[in-house]
Amino acid sequence: MVIEQLINHLPFTEDEIIKRKEVLGLTRRHRQMRKFLSN
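Using the working numbering, you'd call the opening residue of the sequence shown number 1 and step up by one each time.
None of these hints come from the bench; they were simulated from the model. Mixed in with the good hints, there may be bad ones.
[As the list claims (entries may be wrong)] FRET-style restraints, in silico, Cβ to Cβ: (1) Gln5 x Gly25: 17 to 23 angstroms; (2) His9 x Ser38: 34 to 40 angstroms; (3) Val2 x Leu37: 31 to 37 angstroms; (4) Val2 x Asn39: 36 to 42 angstroms.
Glycine residues also receive a C-beta, built at the ideal position from the N, C-alpha and C atoms.
Given the sequences, and given the hints that come with them, work out the whole structure.
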């Protein structure tokens with residue numbers, strides 16, 4: 001979905017969506033690093 005479409009469906013601003021995506025990306029990357037380090 002395009003960000004513009006998300007804004008139409010959800011009461012978020014573009015900035016909030018971008019921040020949320022960054023947070024999701026960071027947590028996902030962090031989890032992968034933990035798996036990698038625990039091996």
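* Note whether the CB distance of His9 and Ser38 lies within 34 to 40 angstroms or breaks it. => 38 angstroms, holds
* Quick one: are Gln5 and Gly25 within 17 to 23 angstroms, going by C-beta? -> 20 angstroms, holds
* Asked: Should the hint that Val2 and Leu37 are 31 to 37 angstroms apart at their CB atoms be regarded as holding?
  -> 36 angstroms, holds
* Could you tell me whether the CB distance from Val2 to Asn39 stays inside 36 to 42 angstroms? => Holds - the Cβ-Cβ distance for Val2 and Asn39, about 37 angstroms, lies within 36 to 42 angstroms.
When held up to the earlier numbered hints, the structure conflicts with none and fits them all.
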